[in-house]
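Protein chains: 2
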Amino acid sequence: MVVGIEKAVSAANSVVSSAKKTPTAIPSDCVINLARGDPTMYQPYWRRMGDKCTVVISGHDLMSYFSDPGNLCWFLMPELDDAIRRLHRVVGNAVVDDDRYVVVGTGSTQLFQAVLYALSSQDNPDTEPLSVVAAAPFYSSYPEETEFLRSGLYKWAGDAYAFDKDGAYVECVTSPNNPDGTIREAVVNREGGKLIHDLAYYWPQYTAITGKADNDIMLFTFSKATGHAGSRIGWAIVKDKEVAIKMVKYMELSSIGVSKESQLRAAKILEVIAEDCVNSGPEKEENFFEYGHRLMSERWEKLREVVKRNGVFSLPKYPRDFCNFKGKDTDPSPAFAWLKTKDGLNCDNLLREFKIVTRGGTNFGVDSDYTRISMLSVDEEFNLFLERLAAIKGTMNGNY
Amino acid sequence: MVVGIEKAVSAANSVVSSAKKTPTAIPSDCVINLARGDPTMYQPYWRRMGDKCTVVISGHDLMSYFSDPGNLCWFLMPELDDAIRRLHRVVGNAVVDDDRYVVVGTGSTQLFQAVLYALSSQDNPDTEPLSVVAAAPFYSSYPEETEFLRSGLYKWAGDAYAFDKDGAYVECVTSPNNPDGTIREAVVNREGGKLIHDLAYYWPQYTAITGKADNDIMLFTFSKATGHAGSRIGWAIVKDKEVAIKMVKYMELSSIGVSKESQLRAAKILEVIAEDCVNSGPEKEENFFEYGHRLMSERWEKLREVVKRNGVFSLPKYPRDFCNFKGKDTDPSPAFAWLKTKDGLNCDNLLREFKIVTRGGTNFGVDSDYTRISMLSVDEEFNLFLERLAAIKGTMNGNY
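Chains as they are written, first to last, in our numbering: chain A, 2 to 401; chain B, 2 to 401.
Hints in this document: simulated from the structure, not taken from any laboratory.
Bear in mind that the values here come from a model prediction, so they are computed numbers and not experimental data.
Beta carbons are placed, not taken as given, at the ideal position from N, Cα and C, and that holds for glycine.
Hints should not be assumed to be uniformly reliable.
Unchecked claim - Derived EDC-like pairs (lysine to aspartate or glutamate); straight-line CA-CA distance at most 16 Å:
(1) 213(B) / 243(B)
(2) 250(A) / 145(B)
(3) 250(A) / 146(B)
(4) 240(B) / 98(B)
As the list claims (entries may be wrong) - Per the computed footprint, the stretches of chain A lying under chain B, defined by three or more beta-carbons under 8 Å from a beta-carbon of chain B, are:
(5) 63-75
(6) 135-148
(7) 151-160
(8) 184-191
(9) 340-349
What the hints assert, rightly or not - Some chain A residues flagged as far from chain B (calculated, every beta-carbon gap over 12 Å):
(10) 29
(11) 86
(12) 99
(13) 164
(14) 212
(15) 253
(16) 309
(17) 326
Given the sequences, and given the hints that come with them, work out the whole structure.
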């Protein structure tokens with residue numbers, strides 16, 4: 002199955018004509034980049050909200066480094082702390098009792114590194130670097146974020162399934178998992194292990210909320226919860242005070258805190274979402290998570306249909322589960338499609354020939370017949386992606 | 002000269018009565034923290050500007066990770082890039098020709114670390130860590146920011162004056178210097194050296210602008226330029242494309258870019274300042290830098306008067322210089338007072354007994370008879386600081 006670039010362009014061009022039927026802002030022969038999970042699909046919802054989430058910031062506002070000098074996390078704005086805890090209570094996806102510490106970060110990316118620092122600088126001042134593992138397929142940035150500064154505190158130790166070293170380690174548990182959407186638990190489960198729970202996708206638009214997560218260190222991010230990636234706001238919910246203190250120390254040393262403008266806006270938006278969820282009733286407009294879940298379900302249905310029809314790829318199947326938030330059984334609709342070629346071809350390369358840029362399986366510690374595709378792009382891009390994916394079958398048939 | 006805590010409290014209480022004459026929001030017996038350079042003194046200026054610098058951000062704005070996908074620094078908002086270059090042109094403090102790269106960061110703190118990564122991961126993939134030095138007294142955070150992750154790429158190598166290792170190194174040149182306000186140049190000047198110019202304080206309110214800085218890597222920060230520390234915005238102006246690319250890579254790995262809300266607001270505020278500077282005339286209100294310089298000059302005059310009168314401390318003297326921006330000779334008025342006890346006592350400890358918290362000389366690589374005091378606090382705090390400083394003499398006299 003060799004697909005020449007001419008055929009790919011021709012296939013792409015054939016999409017042009019049908020795409021032109023409905024006017025689109027995206028040139029239909031352009032490259033579609035679905036490699037990064039840029040969550041732009043939620044924008045129409047926020048546009049519809051009008052001024053409800055608008056923040057107005059004067060020139061003299063938010064000037065000091067400090068937000069709450071008496072708080073352990075002195076740069077966390079109290080209104081954001083409140084909004085985070087309230088939303089988790091309303092959604093029921095995490096325990097946020099008063100004895101838990103909230104640490105805000107410049108996205109959960111910075112917090113992940115803050116946790117590595119906190120866990121590794123705590124107990125082993127002079128020993129060898131702490132091993133960091135995650136079960137494959139794992140989030141593609143974990144290895145690079147762990148390795149790029151060649152820290153003597155921690156080092157990437159690869160697939161948790163293959164980890165057999167004794168002693169202290171850190172396991173990253175991403176659930177639902179990025180890239181493959183599965184619900185996960187720790188796999189190493191040995192003495193001396195510490196866990197980071199990356200719960201970026203544990204929200205009702207992506208999965209059933211089956212209970213309040215109650216882990217030692219839980220990471221969430223504004224990007225995936227509401228689609229506001231440009232704000233770079235993440236938060237950690239932490240049980241242990243010493244870990245929280247060390248994380249705050251990391252934030253001080255790496256950036257002296259976190260943008261207050263972003264914190265203020267995140268607080269406002271999270272407040273509005275929580276309020277809308279509480280007020281939802283038969284006569285009310287759908288709340289953010291209902292909207293998100295409806296869109297994601299529709300996209301997954303369309304994608305599964307295209308994949309089924311063209312016969313070239315497969316997708317994971319997910320069990321239905323009862324969602325406490327929605328109050329009914331729901332199908333998961335992950336933020337990424339974990340696409341696999343049935344015949345073992347390099348899935349990322351194949352899609353690139355059709356001008357669809359994705360992130361190949363090897364980035365996630367598995368084979369290249371897998372690739373990860375963002376499901377969170379704008380409608381026009383997602384529809385063009387489906388058209389191109391559907392076109393692969395037509396083009397392939399001769400060689401297949 | 003041993004000052005008991007009772008005496009200190011008594012001295013502090015004696016300040017209360019005089020402080021009470023003019024009502025103040027700060028309890029006059031409270032601890033004044035001048036250890037961090039929180040630039041809250043500029044707030045009245047920004048309040049006076051009314052809505053001129055107000056930004057309004059709707060719920061659907063600024064959602065994507067990307068700001069300018071075609072730019073090397075893809076997360077930098079074009080309006081911030083423009084505003085930064087325009088302000089430097091108006092002030093005349095840095096070369097910002099089109100062939101220079103602007104990289105935005107979460108404060109210049111994050112950018113400092115991005116530069117270390119860029120310079121160390123570039124040329125020496127497997128050799129020993131790159132030495133990082135700065136001439137004492139140096140910014141107290143450089144050692145910790147360089148060391149805290151025990152990177153294999155770079156390591157803190159102390160005072161540049163004492164550095165005698167062969168081979169590659171990085172020298173941080175802070176000018177005007179933090180903590181002591183002096184104008185600086187590189188001191189090592191050897192083959193294989195690379196320079197980071199930290200120009201956080203090279204603005205007209207602190208020093209004479211004597212020419213456009215034209216160094217390879219220059220760091221600036223919104224905090225010290227305008228007083229907006231809570232926004233966490235810094236920028237680097239970089240000559241070498243490969244260095245800029247590596248810095249952007251660091252920003253991707255450490256936080257996937259920089260808050261767009263903060264960038265938008267910084268763009269607005271820098272634009273307004275530049276516009277006001279250009280429009281200044283005899284009938285116009287004073288521009289931001291004129292305001293800042295007037296306040297700083299007044300504070301320095303008062304401080305020098307108190308120091309002269311009580312005889313316990315000394316302050317550095319700075320040469321007058323012609324400021325191209327102001328068009329006249331001016332006295333420097335640094336953001337920090339670098340206070341020294343005349344008799345060699347621990348200056349930080351002495352001030353703490355009078356409930357003034359500062360950052361002692363040993364943090365900056367010199368003796369404890371020096372301490373650094375922020376000159377950028379709000380008026381009430383600064384005045385209370387002066388009163389307590391003046392009171393030290395009276396209390397001391399018995400033991401002195």
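To see whether the hints hold, each was checked on the structure:
1. 213(B) / 243(B): 23 Å, violated
2. 250(A) / 145(B): 11 Å, holds
3. 250(A) / 146(B): Measuring from Cα to Cα gives roughly 11 Å; hence the hint holds.
4. 240(B) / 98(B): 10 Å, holds
5. 63-75: holds (count 6)
6. 135-148: n = 3 at 8 Å, threshold three: holds.
7. 151-160: holds (count 4)
8. 184-191: violated (count 0)
9. 340-349: violated (count 0)
10. 29: Per Cβ check, residue 29(A) is outside 12 Å of chain B; nearest 18 Å; holds.
11. 86: 21 Å, holds
12. 99: 26 Å, holds
13. 164: With a cut-off of 12 Å, residue 164(A) remains clear of chain B, as the shortest Cβ separation is near 22 Å.
14. 212: 30 Å, holds
15. 253: 9 Å, violated
16. 309: Since the minimum Cβ distance to chain B is about 31 Å, residue 309(A) lies beyond 12 Å and the statement holds.
17. 326: 21 Å, holds
Hint compliance for this structure: hints 1, 8, 9, 15 are not met, and every other hint is.
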